[in-house]
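**Q** The lines below spell out each chain.
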Amino acid sequence: MEGKISTEVFNREKAEATVKALRQSFRAGKTKTYEWRASQLEGIARLIKEKESDITEALRSDLAKPEMESYLHEISLAKSACLFALKNLKKWMKPEKVPAAITTFPSSAKIVSEPLGVVLVISAWNYPFLLSIDPVIGAIVAGNAVVLKPSEIAPATSELFAKILPEYVDSSCIKVVEGGVPETTALLEQKWDKIFYTGNGKVGRIVMAAAAKHLTPVSLELGGKSPVLVDSDVNLKVAVKRIAVGKWGCNNGQACIAPDYIITTKSFAPQLVEALKVTLEKFYGKNPLESADLSRIVNLNHFKRLTDLLDEENVSEKIVCGGQTDEKQLKIAPTLLLDVPHDSLIMKDEIFGPLLPIVTVDNLEDSFEIINSMSKPLAAYLFTKNKKLEQEFISNVSAGGILVNDIALHLANLYLPFGGVGESGIGAYHGKFSFDAFSHKKAVLSRGFAGEAGARYPPYTTEKQWILKGLINGSIVALFLALFKRF
Amino acid sequence: MALITGKKCGDEEMGALGLESEVAEARTAFDSGKTKGFEWRKSQLKALLRLLQEKEDDMLKVLKEDLGKHRVEAFRDEVGAVAKSVDNALLNLKKWMAPEKLSLPLAAIPTVAEIVPEPLGVVLVISSWNFPIGLSLEPLIGAIAAGNAAVLKPSELAPATSEFLADAVPKYLDCEAIKVIQGGPQVAEQLLELKWDKIFFTGSARVGRIVMTAAAKHLTPVTLELGGKCPAIFDSLKSSRDKKVAVGRVAGAKWGSCLGQACIGVDYLLVNDEYAPTLIELLKGVIKEFFSNSEHLARIVNKHHFQRLCNILQDELVAASVVHGGSVNAEELFIEPTILLNPPLDKEIMTEEIFGPLLPIITLKKIEDSIEFIRARPKPLVIYAFTHDEKFKRRIVEDTSSGCVIFNDTLIQYVCDTIPFGGVGQSGFGQYHGKFSFDNFSNRKPVGRRSFLIEFSFRYPPWNEKKLQLLRHIYRFDYIGFVLCFLGLKRYSYRS
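Same order as they appear, the protein sequences are chains A and B.
Using full-length UniProt numbering, you'd call the opening residue of the first sequence number 1 and step up by one each time.
Using full-length UniProt numbering, you'd call the opening residue of the second sequence number 1 and step up by one each time.
For reference, chain A alone in the conformation it holds in the complex (with noise of 0.2 Å):
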């Protein structure tokens, strides 16, 4: 893996002592107030309007993401989860009255939120702010201490995080730890309250296993092949619009809720496939390898893995539009392929790049088998108008969310859970949800003295057992029973 080698080793002691740290600071009581926790989050809203030329400019050396994406899927997206949590705290915070059950009448119910405690959030190199600031709001907002380690595949993003994150919010309670694998690997050695790794499937299995040595939940937000299901009966302009948007505008198809392949009719293909070569060349036109509004591939590591994709055998002769590739500048071009073998690498993995299979099926309906014999989506998406078939969709599919007649808006609506399911990931989070994920819910309940129910004491008698079992079973008669009589 490339990265940044850091100039001071940061090894097992660092880590404990920052973990030791952020617990003292925890320990004393500073990230559970409200004022906190505003302030903070106020400290990032400023960051991101103040600095967001500075991250606009990290985001283009590390990905050359274009400006408009830069502000469209991180910046606006960072801040409207800043300013919404700020708007939602107070609320948040209050503990929620819950009704007690009859079996412990008469008592009161409440569920608590608390923090965890000292959090680790790992973040990924495709979204290096927005991945690593959303989920540090959530951490902050349920009154957390926090630990940030931005990924080091996104180095100008990483060393921004540690220049001005101190600036802006308490840094005795929320640090910023650089660096690669070995750092990572110090890191979580520790024992932390709470992990929340976004990034891939092989590497979550590393966070979650030794979250497992501290007995830490995690939440891990991982990837899948996000299959996009295409309807004829469609607007067709509109459809591959939002399609070319959804794959080429978001990093040029390196976002974990890109669409990874289309599956459509045999019949509708070739109309499928003219709509979105005009539309490619509207949006990136005829040189697109030329074109200032798409992101480079990361690094040469995944140029060559998906160039490897391409070059399969079987593979290559499929490609219908596309397929240029630029080492030098690590740029590869929107590229579509038409039924590509079942087996091969490009269908086995996630792409995560500008490469979009076109897989072709007699029925829409046998479209469901080939979604359900890979492992379980991030986001599965679906174009049609077709009532029918959308109730199918959804109740056969299954996949951290779905979005029917656009691609990816879901992950902005800060009232959906955004999470995966089985291989996609563990947990949610975004608006509430990311309240929700770094909490822990207490329930509290309180009872007086009065109402005392012999019957549960023993000398036990058949008696009693009748009497309890009315009141297990909610009768009022053994309510009253239990209450009143005297053994």
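Keep in mind that the hints were calculated from the coordinates and are not lab data.
Any given hint could turn out to be false.
Unchecked claim - Calculated pairs, BS3-like style, for lysine-lysine (alpha carbon to alpha carbon, straight line, at most 30 Å): (1) B:365 to A:469; (2) B:435 to A:469; (3) B:393 to A:432; (4) A:277 to A:348; (5) B:366 to A:110; (6) B:95 to A:387; (7) A:97 to B:94; (8) A:237 to A:213; (9) B:435 to A:32; (10) B:34 to A:385; (11) B:393 to A:30; (12) B:365 to A:32; (13) A:277 to B:467; (14) A:79 to B:467; (15) A:469 to B:64; (16) B:391 to A:91; (17) A:469 to B:284; (18) B:94 to A:432.
Dock chain B against the given chain A, drawing on the hints supplied.
**A** Relative to the frame of chain A, chain B by itself:
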């Protein structure tokens, strides 16, 4: 094949093939889609209820055999409690299964969305020996209600119950989708190597680590219901009636439920110096009143745990702190209710979960010090506090962390379906009971819809400054600014 006839397997190495084919059958059943329908789930829950009703005597019998539980205790803590949960699930199943429509602000995109709960697939439930019926069937209720196929591995340390479940469950429930696999650590290990869609484990932290490590290989989500040292804080209560009721509740939680072998039992008491003697006297009185007849108390589960507890008592300093009880009966695996006053804090009795009928009373200068005492130790499953002081109650809730907090009673959280049941930190993670069980075994899948009608051209490349400005306005919900900008009459400015 031993598994299918439900014969006891002990710790022998199961034919891996037999075990795998059972799990494969559960997978096939799930893939067929039959567990997803409302009718199937309802029928399974109803069948479970019938099992609990028709086999009640058998259940009380095996609980007596495995743990020496009196019929009433066994009914109160296990059989009756599970029946209540099944009733609750049946009552609410339709509601829980219904998609949750979300009210979204107009500007949110997509504007129509709902959360659709769906089953995870094939789940593994590993239960513990101390409430072998309850801790097997409660999670199973959640798994079934959420539409999963399930494999249950009951604890081999409660062999009569394990045998009973392996025999009865297939007779009442859909035996293709719901399986009981008996066995010890080796069987558990084999099961843990397979790929599950969820693992629900109740037991010790040591095994919890093993379970989670195995789950990590397949990225399987887990719920770990572990234990800890659950303290009961005893503040001074005004009326003598209140004192007596409080002491009764503590005694019930310590000795009346599986002889102290309960994850939510009272592990130790915290009281201030001057109140301790009164408390001890009251406890002695209640022990006499409730537990004179040892027939009404459970037994230690096996020789290993019996020896463990005896060893704790044999330490010189610990033995010296015994103020009541202490006698043991190796043949019966019985230890009488025992009270200790200020045993050394560095001995096992105060560093490990006791899981037995030994009750240490730790005295403090003032009762408020109990908060620091608890904070210095791993987070327990529950903190009990007996007090009228509202300020103290608030401090306990805000300054300590535990699975839950119960004021002025003990154990009742177990039968309350409206609050989540689960640990935090060393006492575990994940919650269940009531709807929390349903959610625990579900994937809550957001579904958003858009129409083709409303289209924003500035969403698409090629990008230019104007599109950027338009989007800035949209994201700030500044519709007027948006319109002006669209018409070319306004430029975006940071100051606005």
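**Q** Run the structure past the numbered hints and jot down the numbers of the failing ones, going up.
**A** 1 and 8
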